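Peer 1: These protein sequence lines map, in sequence, to chains A and B. If you count the first sequence from 1, position 28 lands on 28 in the numbering used here, and the numbers rise without skipping. Take the position in the second sequence, starting the count at 1, then add 1000; the result is the number in the numbering used here.
Please note: incorrect hints may appear among the correct ones.
Unchecked claim - If the Cβ cut is set under 7 angstroms, some of the chain B residues that face chain A in the computed set are:
#, residue
1, L1189
2, G1190
3, T1218
4, M1355
Simulated from the structure, these hints should not be mistaken for lab results. Keep in mind that this is a model prediction, so the values were computed, not measured. We put the CB at the ideal spot given by N, CA and C, even for glycine.
What follows is each chain in one-letter form.
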Amino acid sequence: MTIELRLRIQDLNARYAQAIDDNKLEAWPDFFTENGRYRITTAENFERGLPLGMIHATSRAMLRDRVRSLRDANVYEAQRYRHLLGAPLVTPGAEGMVEAQTSFMVARVMHSGEIMLFATGRYHDRIVLDGGEARFAEKLVILDSRLIDTLLAIPL
Amino acid sequence: MTSAAASRHWPAEGLTRVPYWLYADGDIYEQEQARIFRGPTWNFLCLEAELTKPGSYRRSSLGAMPVVVTRDQDGALHAFENRCAHRGSLLVLDERGEARDIICVYHNWSYDLAGNLTGVAFRKGLGGKGGMPADCRPEAHGPRKLKLTTLAGLVFGTLAPDAPPLERYLGAEIVARIRRVMRAPVKLLGDYSQTLPSNWKLYMENVKDTYHASLLHTFFTTFRLNRLSQKGGVVVSDCGGHHVSYSLAADTGGREYEQAGMRAAQEGFGLEAPELLEAVDEFGDGIGLQILSVFPTFVLQQTRNSLAVRRLVPQGLDRTELVWTCFGFEGDDDAMTERRLRQANLIGPAGYISMEDGAAPGFVQRATATADDLVSVVEMGGGSTASADNRVTEAAVRGFWKAYRGYMGI
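So here's chain B without its partners, still in its complex pose (with noise of 0.2 angstroms):
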């Protein structure tokens, strides 16, 4: 254990306090680099999709660590850091493209698709003169290559060696819940950025925060689309930092909100244009939102025919890249695609039910920075982690804690 996770304590009494200086504390943000994303964690890289042709490459990041995914001319995928073994330059600029090698700018050192340099400028000098000496071995500082798990067309990398298997690492109940949205080759739709104000980990707590969904977000309430007295639940896997919560497409008609009074139920709302909400049980199982994330930063999304998967890029403290990639199925009709863009409407930076997530984290960002040694509150539903059959409950975040005090040691 290091100074700074020796030097801080968690509160006394346990999951249900978490304290602010989590968001704060610099020594804490790059021990989260080395334990957690370079430690014995699967980071969600890439869909598969993203790289259908031999030779195409993709940029990507595991935490903050620059990444580089590509895919061999004889098909195979690899990871490696994106990071010249000479002095230490980023070997790939551009977002995306195809190559048959990647060649370094700045010294046009070059490195074949999966990482291995294969070749130093005028290693021999020239007419003579100059060069590297013959026992100069640069191969033993190349980029650090990724293991790669790829489940249902979702690309999973990770530099630890002793990482356990991925299907392992998510458990039975979180690998059938991915089966379930990952049903078919992925056609891709288009993908775009935010940036957040905010600590990495006060995103991933508000996705995993299913007390809140229905409270800051009106439009959802509003709607119907997501009540707490909708049939749901929340699954919490057995290691804490994995989570599915979902509910069924249909309203009880319940009316709990309309009787405590609330700022989300206003009677008479509706819209003028409902086709945005059409909506067809793709998945024949009547769930119609299910939100899945994987410890530390992957978010498969299910939002009625909507379909996403997003990405956190650490970038500081206080700032995070939130990468969204949406997606439907090959075996798609236009009608189909059409819905799942109108239904677009609902997610990203300008969506009906998640702008909010965009600013919440950093309003709690904003609050606690002078509140260092003072906690949160995190005690719905009681202290535990455990899976439960309904949404008035902060288990999943409370399981997030839970397996990020393990790969941190505190």
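For reference, chain A alone in the conformation it holds in the complex (with noise of 0.2 angstroms):
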């Protein structure tokens, strides 16, 4: 693994955070591959190997729908999210991809001010680099606790 490589996985990830913490959901599908999958399990069901997740995606355009539905759809009061996260780790995957897990914790900010430690948890990513542009194939979201505090509106 390239230091190169490891900056563009870093890279993707920030931008990847940064689309989501400034509200810029519409530009959230773009970082999946056409048939990208984004699913959020939690640390419980990955470990007992069941296959639930609270939002279970399999291409970009079931993300689209899930911006359209937060945008317009949903009901839910206005709050935003801080991502934190640490360093890649990254391994080469199959079929030219890259592997990629990346801690998070996530606080949510309500309109009341009031803030919290939201989630924490990993991703676990599978990339393609296709020509310059990286996209996730996979982004499976492992929460650590199975809890979530009223509801998950904005995805991780």
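Fit chain to chain and form the complex, with the hints in mind.
Peer 2: Following this line, the structure appears as structure tokens:
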């Protein structure tokens, strides 16, 4: 693994988190390949080999649907996230892809000013380096806790 | 009747008015634990499929009371309070696991999988010194044991020896609707929890409130999953405490929402990936949605092919854990499992149609905290608690309060 490759993954992670934290959700699906998978599960389910996710998307189109639903259909109090990401652990993957594991912590800030540590966990990512652009072929979000406070609207 | 209930009076209008002090009074909360959860009600504990192996256990709860459910070496199910006879420590700390016996970590007192005390460390002392007097009977202080009944793979428990048999408690109509969903051996898909910032009763009212579904959850209506104009209805048990609401999968094409110009109806709003909602009529009756509740805190949900049980754990006046366990059936092929997982996008804390339910009870909790002497108005569909062939009614909510008042004596 070259330093340049690590920097590209780190950059991908940073841009991904920034898009969410800056409320640019419309840009979020573009971090994935056309058939990219995005799932949020818990460490308990992951370790027990159970497939259930809180979000289970298998294409960029499904992610775009989620963004539209969050914008136009779902009702939730105004809130924002702040992601803090650890250094990605980068390894070569199958089919020329790169695998990366990255720890995250997400604070949730409500319109009222209330701030809480909302989620901690790790990303298990499979990344395609397609020409100049790095994209997620799969992003598995493994939450350390099984508990979500109130609801999970904005993606992690 | 104890002091709190005696000093609280239900409004003269009856079940169409619900006083807000019910969500804010600590004495009421304590009485609910004693009269409802530890009283003659049947409480859902877990799925049998969570305890397939002999020697397996799972933590659960009876209201706020911590409980352990076990399957012994002979295959029999047991449940008992998760509390040591000695100093009252939790006996089991892990959510689930396997064990030959249960040993309290504090002083190593041991129990069999039925919750019987089988060993007291150093009971006879050490080297002739110390130990417990011969006439001491610590067995008399053992964890309280629950009576169990399983129904179609669901494990229910009660502490009350005088509780009616489960099927009589539920009534034939509710039993039939449970069997409809639990049609085959269960395959677990996984679980997760939500912390609800509200009293447990506000969530149960939300579950039984067929009126809100298409108004709060605009994803539902936008994609014609559930409109009040869709054919369906609500069944309320005779006791009031249990309910089923259901609707057919097909839409009748009514335009009541559009004509009313409501937020829910946004013309031209279609899914880019409609496979999310691709469903099969696995029950063969055309019913696309069935939400069933059992008093006090159990929910069995069929949203198309997404199946789940939900269990509430009260954690104080304004805090409740909502535990979801999603499942399919052993005979499911890969395509069916994928379908269930895809449709699980509709439910849970991030669910397109259920995320609002995590928040709405909290909105009531926050707004009514300073309205202790005021009441809510529950008069859609009149004042009755009878079953209805439409869902523009709050009959099941009134039914909940009918049952609640009976147990609480208020």
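Peer 1: Against the structure shown, which of the earlier numbered hints fail to hold, in ascending order?
Peer 2: Checked against the structure, no hint fails, so every one of them is satisfied.
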